[in-house]
Amino acid sequence: MRAVANVRKFCERELLGAYDLEVVDLYESPERAQPANIIAAPTLIRHDPKPVKLLIGDMSDAERLSATIKVA
Amino acid sequence: MPTAVLVEHTELDRLRERLAEAEEALRAIRAGEVDALIVDGADTPVVYTLKNADNPYRLLVEQMREGALTVSDDGVILYCNAAFAHIVGRRSELLRGTYMRELIADPADMHPANLFPERGTPGRDVRLRTGSGELRNAYISSAPLTIEGENVHCVVVTDLTRQELRRRHDAIVGSSVDAIYSLSLEGAITTWNRAAEQLYGYSAQEILGRNADILSPPEQDGRTILKHARVLEEKLSPHETVRISKSGQLIDVAISVAPLANADGDVEGFSVIARDITERKRAQDHIQFLLREATHRSKNLLAIIQAIAAQTARSAGTIEQFEGRFFQRLQAIALCHDLLVSEDWQRANLADLVRGQLSPFVEPGLRLKLEGPNVFLTSEAAQHIGLALHELATNAMKYGALSVPTGNVNVTWALENDRVDRRLHLRWREYNGPRVTPPSHSGFGSLVIDRLISESLDGAVAIDFRAEGFRWSLDISSDHIVNSPGASYHPSRD
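First to last, the sequence lines map onto chains A and B. Be aware that the first sequence starts at 1, since it is given in the numbering used here, and climbs by one per residue. Be aware that the second sequence starts at 1, since it is given in the numbering used here, and climbs by one per residue.
Simulated from the structure, these hints should not be mistaken for lab results. Source: prediction; values computed, not measured. Take these hints with a grain of salt, some might be off.
[To be verified] Which chain A residues face chain B? A few, computed with CB under 10 Å, are given here: (1) A33; (2) Q34; (3) N37; (4) A40; (5) A41; (6) T43; (7) R46; (8) L54; (9) S60; (10) A62.
[Claimed, not checked] Computed spacing ranges between beta-carbons, pair by pair: (11) B:I29 - A:Q34: 17 to 23 Å; (12) B:A171 - A:S29: 50 to 56 Å; (13) A:E28 - B:I29: 35 to 41 Å; (14) B:D13 - A:P35: 20 to 26 Å; (15) A:Y19 - B:D13: 43 to 49 Å; (16) A:S29 - B:D13: 29 to 35 Å; (17) B:P259 - A:R32: 52 to 58 Å.
Note that the Cβ used here is the ideal one computed from N, Cα and C, for glycine as well.
Bound conformation, chain B alone:
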């Protein structure tokens, strides 16, 4: 019967389709293409996961920086992520199935009511015991969950040690006197501390994101980032270079570069420490200057000593006489040098020079009066005037006012303006000594106080052997004076 045959065919086709569907379902399950099966439950169908349909969520939890775990009502760890295992320094597969309280250091925190407070209660700080026995501060918060009819707690653990380290690191970098900044692999500035702001003049706001090349002077070729990479490759220690500030000022800096790696060890950029070495450079230059000066002065000194020895020998009658005069003169020179050394070879105070040169003969007081403004002499002027004062005092001691108890000496000086120049007048006057008669011959002393000093300092000397007391005066340009009003500063004139 055609109708029955048609019905049979239709039924057969339907059954074939159902069979094809069932075979297709079996094939998909066998091929692992099915994530879940849907089974009839008491009220609604229940979804049974066959494979990692929850993979994305699991990955998310695994990748979290915070520790995450599920803990049963009685405190057994059912699951924990890698971050939690890392915080407590244990392997996650060994943590699962253990009691969470075994990881808590303080007994008060072990109680489930404290560990898993009611929903909505803020978390608490606890100390966790790591695998190596070390204690680690952490912040724990939890929320109750129901999984497959079981009450569990979802716990999130934040490592406060890391935060603390970060805080400390920020404090150190923030208060560092060295400029500390970091760069991306492309050279963009990613962090910038306060010292960097002060050194370079750029605020963090205006420089973050800009390329570090703006800190290099235009005459420096090549990209900063490539140079940093080269420094690392060649393992160079801190190197000195020049950088340019926002205002265009060149700064001498010592630069240290270190690679910045992420948690996986991949280099993501560089950290740079720049130390301002302007002061050190200046100090080095000053030392160089002093060394040059010392060499120069030593040569001068030897020439002076040679001349003194020769001249003293010429006027001395005996070896003893020579020895006495020669050593006194050496002492006079040594005193000048002491004064100069105490002022970095730059200058000597005139009052100190007078007091020092006369101290072997007479102390300031009734017999010696000093008067004059605060004047500093150049090193050259100090040596010549010092030697002259020595010779004047020696003469006064032998023949003049200091040879008798009643005699006295006045040493005065003044800065005076003439038509073209400001000049220093130094005067030596003796009173109440024996009656003065001009000497019949002139020795080395006369040479020093007259010709030597006038020629060396391009000055004018006046000598007056007046009967009531010897007088000597020197008039020199203020070029021989340093750090005095109206005087110019010449650190190395000779």
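With the rest of the complex left out, here is chain A:
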């Protein structure tokens, strides 16, 4: 819950709404974990632009979040 809120806030502020965010509840859909190589929740996956990047945790660290999401 907190992770979703953190990511949403970061994206609104830094990407100014130019993003797509899908929230998957792994309790409801555990089958979606395997193809994405997810071993822990919550995990944030940046699909686009490539390369795919992962961040695990509660998304409270803005620096890590920025390193994962932002294009250098």
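Dock chain B against chain A, hints included.
Coordinates of chain B only, in the frame set by chain A:
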């Protein structure tokens, strides 16, 4: 070889990235930022909760007003919330692991088939045994669940005692003769019972949500809610004040205020009980009036007794004569007072007065005839006419018609209209007595039946010593009459 080196570098970068990811995952797990791990299961991955990802749901269940518990197939309590622990008056950590049947009072309800009926079956009323041994009515419903391959029952328990208390409370408030309402901390009216509707004239629908200030007359300064808070702070007992109804009528009320606290003990508003004390106020005023009257009458009475004593002494030859006449006159006055007291000092019935004053001498019948409409005299008129009737009867007994067995007396009265006023005519006529001769001297009796009464009541007295029988008549204004057609009501004229 440049190509091989490139491949090696690419592979190395990939491995570095994987290592960074793995380190990042480990860091997140160590830092407690991970809620769950996803592990490959036989068919699909299984989610293992590391910390309270289900916290919101757990909080929801913990905060529920209803009792909630999970019970194993054989009836062991696996989990229960605080509300259930509260209902059964036991600590939740001690309840977990115990058999639910130990909490059920009636053996018939203990059977698992009754406690956990099939899905879709309605719940049932049961009696639960609390920690203190007291029995509590509850409604139990359950649904089967599977948790991690185990069959359990999800049970919801509603405390009917609380509902029952609520029902009783509503019934008491609803049928109360006192107005009972509650206010928010801002003074908005939040509940309003039927007596409040009757007292203030506002229906619940039109007043709920409005500020209680509309019940205070405009001349009362300050906000109602602040006054209530002050009453509580200063621990004032019910206080009397004035409120205003919807129609603008002022109402005397006694107000009691109490704080309304929620389950956590925080004050959320006030409850107010308003009792209509209009009748009590009226009764108090009446008592005050009676006290003033009693004081006034006592003074009058003492003055009359003083005058009677002096006048009786003047005409009495001996002490014995004085004593006899004086006490008879006191009795005549006492009788007037008895009649007045029975009517709250307001009035006395004329027929009762005549009968009472003549009763020591003659009973109504062949020798005494009374005739007249139902008339009530003011207290002042009753005292004077009563004393006059006493003197007339005493004279008749000594010298007139009642001094011989054949004589008789007629007392009649009538209300008659003259040109300006409605008047009362009272007539005394004696028949068949000894031949009448006018007295050679006049004593206190003559004074009472003639000058005293005509001057006191501003009336006209006619005395006729005709030989065949003595006659006396009094003519007074209807101002001396109360509660009679055409008469006005003057509770305290003198």
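Taking the hints in turn, this is what the structure says about them:
A cut of 10 Å between beta carbons decides the hint on A:A33: the least distance to chain B is about 4 Å, and the hint holds. Checking A:Q34 against chain B: minimum C-beta separation of about 5 Å stays under 10 Å; hint holds. The criterion of a C-beta within 10 Å of any C-beta in chain B is met by A:N37, whose closest approach is roughly 9 Å, and the hint holds. Given hint, A:A40 at the interface with chain B, holds; its Cβ is 4 Å from that chain's nearest Cβ, closer than 10 Å.
Taken as an interface hint, A:A41 checks out: its beta carbon lies about 4 Å from the nearest beta carbon of chain B, inside 10 Å. Taking 10 Å as the C-beta contact cut-off toward chain B, the hint placing A:T43 at the interface holds, the least distance being around 8 Å. Because the smallest distance between the Cβ of A:R46 and any Cβ of chain B comes to about 12 Å, over 10 Å, the interface hint for this residue is violated. Look at A:L54: its Cβ gets to within about 6 Å of chain B, closer than 10 Å, so that hint holds up.
Restraint check, A:S60 versus chain B: the minimum CB separation of about 7 Å is within 10 Å; hint holds. For A:A62, the shortest C-beta to C-beta distance to chain B is roughly 14 Å, which exceeds 10 Å, and the interface hint is violated. Evaluation of the 17 to 23 Å hint for B:I29 and A:Q34 yields a pass: the beta carbon distance comes to about 19 Å. Judged by the Cβ atoms, the range 50 to 56 Å given for B:A171 and A:S29 holds: they are separated by roughly 52 Å.
A hinted range of 35 to 41 Å is violated for the C-beta pair A:E28 and B:I29, which are about 22 Å apart. For B:D13 paired with A:P35, a C-beta distance near 23 Å keeps the hint of 20 to 26 Å intact. Checked against the given bound of 43 to 49 Å, the beta carbons of A:Y19 and B:D13, roughly 26 Å apart, lie outside it. Between A:S29 and B:D13 the beta carbons are some 32 Å apart, a value that agrees with the proposed interval 29 to 35 Å.
Judged by the Cβ atoms, the range 52 to 58 Å given for B:P259 and A:R32 holds: they are separated by roughly 54 Å.
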